[in-house]
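Peer 1: Required output: the full structure, derived from the provided sequences and hints.
For the record, the sequence lines run as chains A and B. Reminder that position 406 of the first sequence reads as 813 in my numbering, one-by-one numbering, no gaps. Reminder that position 43 of the second sequence reads as 57 in my numbering, one-by-one numbering, no gaps.
If you're looking for bench data, these hints aren't it; they were derived computationally from the structure. Think of the CB as a built atom: it goes at the ideal place given N, C-alpha and C, for glycine as much as any other residue. Accuracy of the hints is not assured; some may be wrong.
Some chain B residues close to chain A (C-beta under 10 Å, calculated; not the full set) [what the hints assert, rightly or not]:
1) Trp70
2) Ala77
3) Val81
4) Arg84
5) Glu87
6) Thr88
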Amino acid sequence: MVKQSSSRWLAAVPSIFFPRGDSLLFLLAIVSVVSLVTNELSRSYVIAADFEGFDTDEFEYEEDANDAILSHSINPSPPAATSLTQSSTAESHHEPPQPSVIEDPPAYGVEHGGKPYASSTLEFWDEEEFEGIPFQIADPSPDSPAEPSEPPAPVEAVAGYPVPIPRQPFSLSSYAIEIVCISFLIAFAINFFIGKRQNELVALCWASHFATKDSIFDKNFSLLGTGDGKEDAPLLLKEGQDVFKFYASGRRFCQGLLATMELRNRHDLIARLTNLLFNKKDTITFEVMMSEDAMDHVVLAVARKKLAKSMHKECRDLQRFATVMPTAPSGRRWVAEDLLVVTESKEIAGDLITDAVIDQVFGEKAFEKIGKGFISLHFSDQHPADTHKKLLSLKLALPGANNMTEMTRLVNLVPYYIDLIGRYKPSAQARAKTEAARAKAAQEAFREMQGLRQETLQKKKAEKKKIVEEAEAKLSAEAIRKKEEKERSRQMKKLMPKVKMLRSH
Amino acid sequence: MKESSSTGSDPRQPSTAKPYVPPPFSPQDLPVDYAGFLAVVLGVIGVTFRYKLCSWLAIIFCAESLVNMRNFETDLKQISMAMMFAIMGLVTNYLGPKRPPKAQP
Numbered sequence: 408m409v410k411q412s413s414s415r416w417l418a419a420v421p422s423i424f425f426p427r428g429d430s431l432l433f434l435l436a437i438v439s440v441v442s443l444v445t446n447e448l449s450r451s452y453v454i455a456a457d458f459e460g461f462d463t464d465e466f467e468y469e470e471d472a473n474d475a476i477l478s479h480s481i482n483p484s485p486p487a488a489t490s491l492t493q494s495s496t497a498e499s500h501h502e503p504p505q506p507s508v509i510e511d512p513p514a515y516g517v518e519h520g521g522k523p524y525a526s527s528t529l530e531f532w533d534e535e536e537f538e539g540i541p542f543q544i545a546d547p548s549p550d551s552p553a554e555p556s557e558p559p560a561p562v563e564a565v566a567g568y569p570v571p572i573p574r575q576p577f578s579l580s581s582y583a584i585e586i587v588c589i590s591f592l593i594a595f596a597i598n599f600f601i602g603k604r605q606n607e608l609v610a611l612c613w614a615s616h617f618a619t620k621d622s623i624f625d626k627n628f629s630l631l632g633t634g635d636g637k638e639d640a641p642l643l644l645k646e647g648q649d650v651f652k653f654y655a656s657g658r659r660f661c662q663g664l665l666a667t668m669e670l671r672n673r674h675d676l677i678a679r680l681t682n683l684l685f686n687k688k689d690t691i692t693f694e695v696m697m698s699e700d701a702m703d704h705v706v707l708a709v710a711r712k713k714l715a716k717s718m719h720k721e722c723r724d725l726q727r728f729a730t731v732m733p734t735a736p737s738g739r740r741w742v743a744e745d746l747l748v749v750t751e752s753k754e755i756a757g758d759l760i761t762d763a764v765i766d767q768v769f770g771e772k773a774f775e776k777i778g779k780g781f782i783s784l785h786f787s788d789q790h791p792a793d794t795h796k797k798l799l800s801l802k803l804a805l806p807g808a809n810n811m812t813e814m815t816r817l818v819n820l821v822p823y824y825i826d827l828i829g830r831y832k833p834s835a836q837a838r839a840k841t842e843a844a845r846a847k848a849a850q851e852a853f854r855e856m857q858g859l860r861q862e863t864l865q866k867k868k869a870e871k872k873k874i875v876e877e878a879e880a881k882l883s884a885e886a887i888r889k890k891e892e893k894e895r896s897r898q899m900k901k902l903m904p905k906v907k908m909l910r911s912h
Numbered sequence: 015m016k017e018s019s020s021t022g023s024d025p026r027q028p029s030t031a032k033p034y035v036p037p038p039f040s041p042q043d044l045p046v047d048y049a050g051f052l053a054v055v056l057g058v059i060g061v062t063f064r065y066k067l068c069s070w071l072a073i074i075f076c077a078e079s080l081v082n083m084r085n086f087e088t089d090l091k092q093i094s095m096a097m098m099f100a101i102m103g104l105v106t107n108y109l110g111p112k113r114p115p116k117a118q119p
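Peer 2: Following this line, the structure appears as structure tokens:
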């Protein structure tokens, strides 16, 4: 503890205290006294070493000392030199603090310089004369030679000085972690506010383009926004910093529309950095909950080839009812080359992807122009989502906040398809086909349900049986024990009279 | 094309309008908060082994987790715990008793 605090004190010697005039002289005097003391102690140490028969060690020590002198003269400012316990403890008891820079080398010089002398005088000594003496001195000396003379001094010194701040070396590299982390945190905070504002700007731009007065959604829906329809109700619902939701309701053929904007994590610096690698887009997904009676049998998906194939694998309704439509219907213009249509029947796809839509969006020319805003389209009356089965979903990429008008045509698909599908009735042939498929699916689902129910029933039965059996086993074990006891007692009874009989005989 | 879609008069039907009902919230649906988890782990490491770097990283991941918070109540517990560990680690590192210096000349 003493050693620790003294080293701290040494480290704490502030640079503001420079020796001035008298204090310097005083310091030198103290240092010389200290060096004399240490000299004496180290000599006793050497004697001890000698008497223990460690002559070679002594020479090593000498060399070490010489090295120390050299190294100290080369490095004149060892700020946190922790091995200087002797000098630090010794000098700590006087008033003006001095920088270790100046005082230490002389202290070392004297101290270590004395040692060779000690060892040389040692050669003339009679070894037997001092037998047994040095052991008592030698014990404390290796640790800190100055300790026995004035051990409480450093503690007092620490308490007396009002500046116990541990001074660390002035190199920036020792604070590298702190500097990097704090600057990263600052950058993180700044980015949070900037990114948050950017995301909000994108969402608000979208809302002002498509959900304000006389815009597409205002003309089509009577209730806009997640509020209760009053004037100042908010249009957008914010979920986290990167998800915004827009709700609309009150239109024929549908119960409601929910648009979910998933924006890039601009507010998050780490995610932003990773987004540099994976190019993530701002997307908006329109989900229209169709009225139960307004949507006939339709399963249709349109997307770029890769995405369409993965959708076909992943979406349960597409997997079950739909197939990839390999060729375009004859004698008609069809969607662009990049796109793939996954549908339940060719006829339904042909009816739903009308000429108008091909002209405006999916045709070769139109798609070249606005295709970068389109991601996928998925209409289904058998949607796997639990909440609503009859769902139209349209996924688009959001352009920048300043180019919202680019996606007007794509957004127009939403009310167009609500009306088209709301009115659509497939021909009797197609309907019969789809009906059969649905009946089959329903049957399968029913069977599955039944299977599940039976399984659960069987499980319950098995559990009950197990419980009863266990109880029986317990009971029977007890019964067996009782029986055995009875039997034993009976046998004992049988034996007893026999013994008596034997005795009586 | 758009004109053909609105062949009827006004498609709006105020009588059928339903106010928005937020879907029932379930904590399982939330995406896994990796940052929060990392922050807790690093915070604990920082406290137990006295790694400054771990404590600082824990603070950074706390900030990350805080920024990506979706549901206030469920996430705040984890974040506050991670924050506690991280700050504790820093306090013990900088204000606690100093370890004996390593370099002995």
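Peer 1: If a hint holds in the structure, say so; if it doesn't, say that too.
Peer 2: Consistency of the hints with the structure:
1. Proximity of Trp70 of chain B to chain A holds as hinted, the smallest CB-CB distance being about 4 Å (cut-off 10 Å).
2. Among the interface hints, the one on Ala77 of chain B holds; its C-beta lies about 6 Å from the nearest C-beta in chain A, closer than the 10 Å criterion.
3. Contact between Val81 of chain B and chain A, as hinted, is supported at the beta carbon level, the nearest pair being about 5 Å apart and thus within 10 Å.
4. Interface hint status for Arg84 of chain B: upheld, as the beta-carbon distance to the closest one in chain A is roughly 5 Å, under 10 Å.
5. At its closest, the beta carbon of Glu87 of chain B sits 14 Å from a beta carbon of chain A; the interface hint therefore is violated under the 10 Å criterion.
6. Interface hint status for Thr88 of chain B: violated, as the beta-carbon distance to the closest one in chain A is roughly 13 Å, over 10 Å.
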